[in-house]
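Listed below, chain by chain, are the residues.
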Amino acid sequence: MVVYINDQEKQFNGNDLTIQDIIDQGKYNTQYFVVYLNEKYIGRLQHRKIKVSDGDRLKIYPLVDGG
Amino acid sequence: MSEEEIRSVLSQKAVGFAGCGGLGSHSAMSLARAGIGTFFLADFDVVQEEDFSRQCFFRSQEGMLKIHALRDNILDVNPDAKIYCFDVRLCPSDVYELFQTADVVIEAVDVAKTKLTIIEALQKHAPEKPVVSGVGMAGWGNTEALKVNQMNTLYLCGDLISKVSDDMPLTAARVGIVANMQANVAIELMLKENGYGSLH
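Going down the list, the protein sequences come from chains A and W.
According to our numbering, the stretch in the first sequence is residues 67 to 133, in order.
According to our numbering, the stretch in the second sequence is residues 707 to 906, in order.
So that you can see chain A by itself, here it is in the shape it has in the complex:
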């Protein structure tokens, strides 16, 4: 399955991955993210529920402490 993450093509094994599964493979240094799936904002409580399909476009922006 091909998913575009922040405009970069990524290949994933399996067709049953949730947004959270993809985030978990990203090795980010935070547990807080802003996520858009095909330009639609996806709230944090939906990350484990929504499955990603072949060709989907994900934007994943990590949020880190500091301000």
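No lab work stands behind these hints: they were computed from the structure.
Take the hints with a grain of salt, since some may be wrong.
Cut-off 25 Å, straight-line C-alpha distance, at most; resulting in silico cross-link-like pairs (DMTMM-like, lysine to aspartate or glutamate) [said to hold, decoys possible]: (1) A:Lys-93 to W:Asp-872; (2) A:Lys-106 to W:Asp-872; (3) W:Lys-788 to W:Glu-899.
Chain W stretches covered by chain A per the calculated footprint, using a threshold of three residues with CB under 8 Å from any CB of chain A [to be verified]: (4) 761-774; (5) 846-854; (6) 891-903.
All values derive from a computational prediction rather than experimental measurement.
Just so you know, even glycine gets a beta-carbon here, dropped at the ideal spot from N, CA and C.
Here the structure of chain A is known, so what remains is to put chain W in place on it, guided by the hints.
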């Protein structure tokens, strides 16, 4: 477009600040100098000794609520500004209500979880309202990594990576750059509303 015309447009605009620390205090002062007419300031914290290393406050203001210290500093620059202060710890139900009439919201809190709370609340209740967030500004140098990421009405300013820690503290210069990136994006958005695009 002359400076006078720009100031005239911006004097009719309102900006909300979720947090008045390093990012909020510096971006607010830049927007005050640009001539923004109305400010909504939300923060619960007081000015302390440790803030002077990177926040736009002064020793004479130690112990004041940051919203009041920032209000005074804005008025020193722009005495005509209208300023509304909210001494609150922001929660989802507050965010939309406090910033309902703001043209742009500057997200300037220091905890990632709270950043997400603010962004989510506005995406849910007011997805058309621009939110300019500061994310990833700890440390020093590496200026070229700081940029603006946009998706719909959300603008994330910073490197999205540099997390504050004992080894990577916040420093005034890098925080100030990101704060001014936020102010710059806010100005661009508000001028664009009136038909004035950026120069680039």
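Hints and how they fare:
Simply put, Lys-93 of chain A and Asp-872 of chain W have alpha-carbon atoms about 21 Å apart, close enough for the 25 Å limit, and the pair holds. For a cut-off of 25 Å, the pair hint linking Lys-106 of chain A to Asp-872 of chain W is broken: about 36 Å separates their Cα positions. A C-alpha spacing of about 21 Å is found between Lys-788 of chain W and Glu-899 of chain W, which places the hinted pair at or below 25 Å, so the restraint holds. Remark: the segment 761-774 of chain W is not confirmed as covered by chain A, as 0 of its residues place a Cβ nearer than 8 Å to a Cβ of that chain, below the required three.
Chain A is given as covering the segment 846-854 of chain W, and this is violated because 0 residues of the stretch bring a CB closer than 8 Å to a CB of that chain, at least three being needed. Residue count for the segment 891-903 of chain W with a Cβ under 8 Å from a Cβ of chain A: 0. That is fewer than the three needed, and the coverage hint is violated.
In the structure shown, a violation is registered for the earlier hints numbered 2, 4, 5, 6, in ascending order.
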